[in-house]
Amino acid sequence: MASLSEEVLLVVKRVRQRKQDGTLYLMAERIAWGPEGKDRFTVSHLYADIRCQKISPDGKAKIQLQLVLHTGESTTFHFANESTALKDRDATKELLQQLLPKFKKKANKELEEKNRMLQEDPVLFQLYKDLVVSQVISAEEFWANRLSLNSVEHSLSNNNKQEVGISAAFLADIRPQTDGCNGLRYNLTTDIIESIFRTYPTVKQKYAENVPHNMTEKEFWTRFFQSHYFHRDRINTGLQDIFSECAKEDEKGLKSMVTQGVKNPMVDLLSLEDKTLDEGYGTATVPTTSNSSNKSLRENSNSAIIKRFNHHSAMVSKAYTPLDILTSLFVAFQVKLQEAIEYDDLQGDSGRKTISLNLKKSDRYSHGPIPLQSQHYSTSQDIINSISIIQHEMRSYKPRLTQVMSSSAASSAITALSPGGVLMQGGGQQTINQLVPTDVQSELKHLYTAAGELLRHFWSCFPVSTPFLEEKVVKMKSNLEKFQVMKLRPFQEKIQRQYLSTSVRPQNIFWGGNAGIWQNGKCSKK
Amino acid sequence: MKLNIDGLLVCFPYDYIYPEQYSYMLELKRTLDAKGHGVLEMPSGTGKTISLLSLIVAYQKAYPLEVTKLIYCSRTVPEIEKVVEELKKLMDYYTKQTEAKNDFLALALSSRKNLCIHPEVSSLRFGKEVDGKCHSLTASYIRAQHHCNPSQPVCQFYEEFDAVGRQVLIPPGIYNLNDLKDFGRRKGWCPYFLARSSILHANIVVYSYNYLLDPKIADLVSKELAKKSVVVFDEAHNIDNVCIDSMSVNITRRTLDRCQTNVETLQNTISRIKETDAAKLQEEYRRLVEGLTEANVARETDMYLSNPVLPDEILQEAVPGSIRTAEHFVGFMKRFLEYLKARLRIHHVVQESTPQFLKDIYEKVCIDRKPLRFCAERLRSLLRTLEIADIADFSAITLISHFATLVSTYNKGFTIIIEPFEDRTPTIANPVLHFSCMDPSIAIKPVFGRFQSVIITSGTLSPLDIYPRILDFRPVTVASFTMTLARTCLCPLIVGRGNDQVAMTSKFETREDFAVIRNYGNLLLEMSAIVPDGIVAFFTSYIYMENIVASWYEQGILENIQRNKLIFIETQDAAETSMALMLNKNKISANGVRNIILIKCKRLFISFSFQPPVHHYGRAVIVFGVPYVYTQSRILKARLEYLRDQFQIRENDFLTFDAMRHAAQCVGRAIRGKTDYGLMIFADKRYARADKRGKLPRWIQEHLTDGSLNLTIDETVQLGKHFLRQMAQPFRQEDQLGLSLLTLEQLQSEDMLQKIAQIAQA
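Those protein sequences? They're chains A and B, same order as listed.
Under our numbering, the letters of the first sequence match residues 1 to 526, in that order.
Under our numbering, the letters of the second sequence match residues 1 to 762, in that order.
Worth flagging that the hints you see were computed from the coordinates, not collected in a lab.
Check before you lean on any hint, since a few could be wrong.
[Said to hold, decoys possible] With a cut-off of at most 20 angstroms between alpha-carbon atoms, the simulated SDA-like pairs for lysine to any residue come out as follows:
id, chain 1, residue 1, chain 2, residue 2
1, B, 88, A, 343
2, B, 227, B, 62
3, A, 307, B, 543
4, A, 477, A, 141
5, A, 87, A, 53
6, A, 307, B, 541
7, A, 307, B, 559
[What the hints assert, rightly or not] Not close to chain A: a few residues of chain B, all C-beta gaps over 12 angstroms, as computed:
id, residue
8, 45
9, 156
10, 569
Being a predicted model, the structure only gives us computed values, none of them experimental.
Here a beta-carbon is modelled for each residue, glycine too, at the ideal position from N, C-alpha and C.
Hey, can you work out the whole structure from these sequences and the hints?
What follows is the structure, encoded as structure tokens:
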């Protein structure tokens with residue numbers, strides 16, 4: 001058994017799959033299940049193939065775990081060991097939770113990329129169907145050429161890939177649902193949890209401290225949502241709240257940010273005023289009320305809300321602000337000043353660098369908002385006036401026939417231009433549009449592109465410099481032949497059966513010509 | 001391009017020009033020719049500054065004897081830097097055109113905090129600390145002590161400057177704050193004092209309002225500036241408040257307590273000195289008898305103790321005998337202090353005029369008017385004599401002495417209000433004496449009187465006639481310029497109702513109404529969904545904003561807004577707010593994402609007046625409510641009364657004027673230039689009234705059609721969507737050319753000149 005050499009991370013006994021008892025193995029790269037008493041796996045999934053895992057709700061009698069694959073299939077495991085079923089399941093779940101994300105990133109990127117390309121490019125998709133699904137060439141061969149085409153662009157986009165920011169509304173998106181008996185249910189996904197951790201690093205710290213030593217994950221989040229920290233506006237309930245420290249930490253963080261000072265002098269409100277009035281001068285009343293003692297409870301909670309929102313927004317925006325920009329701000333002050341005084345439209349040759357639009361889906365762009373007509377509606381009076389003017393002009397209209405060509409010349413021109421005329425010789429092929437039904441036309445088109453694709457693969461092997469390439473040439477040749485047999489022939493026969501006409505010949509000739517060139521090329525090589 | 005403005009050759013550093021810029025320069029030229037004052041309103045983003053600078057510089061070059069100096073006053077440090085930057089651009093163009101070496105000296109002046117290069121002093125963060133520390137290193141007696149006792153620390157930069165730099169003229173060029181610092185570092189001279197001495201012979205000086213308007217500073221810094229100067233107040237829409245602030249004093253119980261300790265320290269120092277060095281006091285006495293108030297030699301470094309406003313005649317007179325000796329003066333101050341303490345011990349609000357106050361003080365503690373007037377001057381002399389090192393400690397007694405001098409100098413235009421508690425917290429005793437200036441013309445009068453031309457300009461000065469009235473001057477030109485536009489790039493909308501037809505207003509009676517708050521929330525929510533970039537939302541007051549934000553939170557509106565945009569809410573803490581702004585800015589520069597809503601309070605915004613940051617993400621500006629001032633304030637009431645009696649301005653007119661200039665100021669930020677575009681949403685049904693609407697600047701009013709008044713939220717969204725979609729279409733220079741952008745040839749054509757003549761309207 002090949003799997004013996006693999007590292008087994010977890011073994012769970014008495015797991016049922018399709019009503020059959022067996023053992024579940026979690027290994028370094030895959031999850032496998034074998035029926036009891038047999039030494040082979042009937043179920044084996046690479047972690048990379050697994051999209052997600054689902055577990056049965058807590059109250060249910062059957063304790064199950066479902067794995068959903070990228071292909072859409074799913075496998076359900078039923079933990080049947082009565083006493084430890086729940087524990088087993090949770091252990092499996094936890095382990096999977098740790099393992100899956102690792103593989104997910106690696107495997108799916110490629111898959112997703114392929115998927116995306118196919119979705120975005122209908123021509124490619126058709127090609128894929130024609131060549132791969134009909135098994136003219138294998139999927140690997142198909143992609144081998146494709147992906148490398150994009151690799152330059154791909155690597156570029158990989159290098160300065162933007163880090164994904166946090167949605168500003170992620171907290172708003174955690175909508176509690178009432179479960180009917182005075183309880184609230186929050187649905188957390190890994191994304192949300194990550195967002196919370198990135199926005200509130202103190203919570204992450206708390207999580208690391210407390211989970212799983214002091215409390216379970218669930219308990220932790222329950223407490224989080226109950227806490228004053230989450231609902232900033234509520235009055236602090238007491239010291240046992242583990243998150244009360246977080247608030248203090250945040251405050252400290254904010255303070256330290258403030259005391260560091262603002263590097264950008266354009267927005268430093270403290271240094272805006274050149275010469276502030278000394279204390280005691282001026283009409284503005286001294287803000288004596290700012291000390292918290294005589295602030296009402298309500299005002300306090302109000303300012304807490306404001307603080308919370310600002311902190312939240314600051315953290316969210318900080319999450320995707322690269323640090324070097326923070327430091328380079330001061331240097332840029334001079335540039336900013338320049339920018340501030342510049343009037344680009346007054347400048348003569350505004351050599352402004354424009355960023356070219358890089359469209360992935362051009363049709364989406366071109367079907368955008370339609371420019372509205374100008375708003376100068378004509379009044380009805382205008383319309384009436386213009387109609388009367390036109391009428392007036394028409395009344396006095398006399399065709400100036402002297403400048404029109406003679407009728408004989410005109411009729412000869414018309415005959416020359418009508419079908420069969422002098423100028424319309426050789427226009428017979430036009431009728432192909434009318435002769436051939438659209439489905440045949442589209443089939444023809446598909447065949448044409450497929451053939452082109454195959455030929456592209458074929459010609460890309462030349463010059464044949466390595467044995468690998470030579471092997472590929474041979475393979476491509478057989479592919480081409482296969483294509484001819486499987487696709488072209490039937491099509492040709494079909495056409496010939498239906499329309500015994502010359503209309504398909506050009507295509508045929510084209511193909512024959514290509515084949516001839518290829519034969520020549522091959523001969524010269526051999 | 002080179003322009004011919006009414007016979008004057010003006011170099012304009014761009015290839016194209018806006019018609020209104022040309023018109024602006026024409027008006028400006030007329031004002032300078034007439035040697036009079038002017039009020040000019042031109043929309044923000046149409047290149048006011050560069051037009052001003054080009055014309056005045058050209059004027060200076062053409063008639064060097066008529067206009068010797070340009071004094072350009074702006075409000076904030078970044079603004080000052082911006083002006084200098086534009087000036088640099090202009091001068092570069094000049095040198096390129098004429099190929100002659102630039103002989104212009106232009107420099108920016110700012111407080112010590114922005115100019116200090118002393119390693120220890122400049123590391124301090126607050127302006128006051130820097131000033132105090134600088135003073136303790138450069139005061140004349142410190143330096144004298146250093147002379148006999150070298151271990152006494154002094155600032156080597158100042159010493160170096162005093163020894164060498166004073167005689168050497170700074171080479172011509174354009175210096176912003178950093179350039180000055182660099183120059184100072186290179187030479188080892190103090191940039192601050194270098195700048196202060198250089199402004200006397202500089203051709204262009206750029207500094208903030210206070211150096212001209214605040215008598216405490218103006219007396220020191222701007223005293224010797226030539227009469228033939230042109231003074232420009234840019235962003236002058238708030239100039240009356242700056243004037244008033246510089247002349248008003250608030251005294252709390254805390255001030256008095258600190259003053260008490262100051263007096264005690266003074267007393268102790270005097271008695272100590274008397275034992276050791278009685279001759280010093282004797283010398284001071286002799287000087288005071290002779291009427292030499294101050295030996296002017298070392299005065300520039302002792303700036304803390306300058307006099308608020310002393311009419312010239314006082315300087316000629318001798319200090320009255322009753323406060324001439326040090327002990328007598330301290331006793332006098334003590335008496336005055338006790339009197340003030342007694343006045344603060346009241347349980348009801350008192351409002352009185354200055355003559356009433358003087359009469360009362362004479363009856364109660366026998367303090368005459370004359371010695372009071374000399375209070376500030378006498379204290380300065382005493383502090384100098386006693387060689388007090390850290391002057392910042394004595395700010396309380398300085399404040400009191402300033403108050404004494406002011407109260408005894410002016411009969412009119414001031415009021416004294418003593419409030420035992422704040423209106424909101426009637427149970428907590430917190431007595432404050434407000435000595436409040438009601439007449440902005442007092443502070444600005446010397447400026448109008450002394451300089452030959454004063455230009456007041458801003459994007460929002462409407463209605464234009466009110467400024468000459470409240471500042472009490474007679475301008476030769478009053479003009480408002482519109483913005484010529486190739487496309488309607490601003491879209492003012494007045495939202496009066498919610499979708500449920502409930503009127504939206506921040507009127508006091510209904511502002512806490514649930515429906516109003518909800519409708520406001522819905523408006524912001526809907527707008528956040530359709531506006532592609534940032535939104536700036538303004539509220540009328542901080543407390544109102546807090547309340548609204550809280551109830552939005554409770555109703556879940558904020559959560560929904562968060563789905564569309566990030567929210568930043570201004571706090572009362574300036575440092576926190578600027579932090580938030582900085583994070584925002586980063587985000588913008590990093591990702592080009594501008595999905596932010598800034599929620600701000602109107603009044604705070606005004607007091608900080610930050611123009612630059614708002615620029616970049618104001619695709620839509622929403623003003624919630626009409627930003628009236630807190631009308632129950634007694635100071636305001638007194639001022640309104642005064643305005644009515646003295647200038648025949650009705651209370652309501654002034655209040656509306658004030659509210660509308662703030663509103664216009666807010667929405668004016670939406671447009672940065674002609675290529676920019678922005679939505680301006682006034683969310684209050686009261687804006688639709690003619691008296692409010694009519695007070696908006698002309699360039700906004702023009703685009704306010706009858707169809708955009710009193711809309712519902714839905715209608716607003718529709719109009720806004722339509723507008724934004726249209727504006728998002730590409731806009732090229734060719735579209736503007738000939739309409740709102742002119743080449744030199746187009747400018748010279750006959751009918752264009754006729755069109756331009758119509759742009760300016762008085």
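Status of the hints after comparison with the structure:
Under the criterion of a C-alpha separation no larger than 20 angstroms, the hint pairing residue 88 of chain B with residue 343 of chain A is consistent with the structure, at around 15 angstroms. For the given pair, residue 227 of chain B sits about 18 angstroms from residue 62 of chain B by alpha-carbon distance, which is consistent with the 20 angstroms threshold. Annotation: proposed proximity of residue 307 of chain A to residue 543 of chain B holds, straight-line Cα distance about 15 angstroms (limit 20 angstroms). For the hint pairing residue 477 of chain A with residue 141 of chain A, the CA-to-CA distance comes to about 14 angstroms; that is within 20 angstroms, so the pair holds.
With a CA separation close to 16 angstroms, the supplied pair residue 87 of chain A and residue 53 of chain A stays within the 20 angstroms bound. Of the supplied pair hints, the one linking residue 307 of chain A and residue 541 of chain B holds, its CA atoms being roughly 18 angstroms apart against a limit of 20 angstroms. Straight-line distance between C-alpha atoms of residue 307 of chain A and residue 559 of chain B comes to about 15 angstroms, which keeps the hinted pair within the 20 angstroms bound. Against chain A, the non-interface label of residue 45 of chain B is violated: not every CB pair exceeds 12 angstroms, the least being about 8 angstroms.
Separation of residue 156 of chain B from chain A is adequate, the least Cβ-Cβ distance of about 25 angstroms exceeding the 12 angstroms criterion. Not every C-beta of chain A lies more than 12 angstroms from that of residue 569 of chain B, the closest at about 5 angstroms, which undercuts listing it as non-interface.
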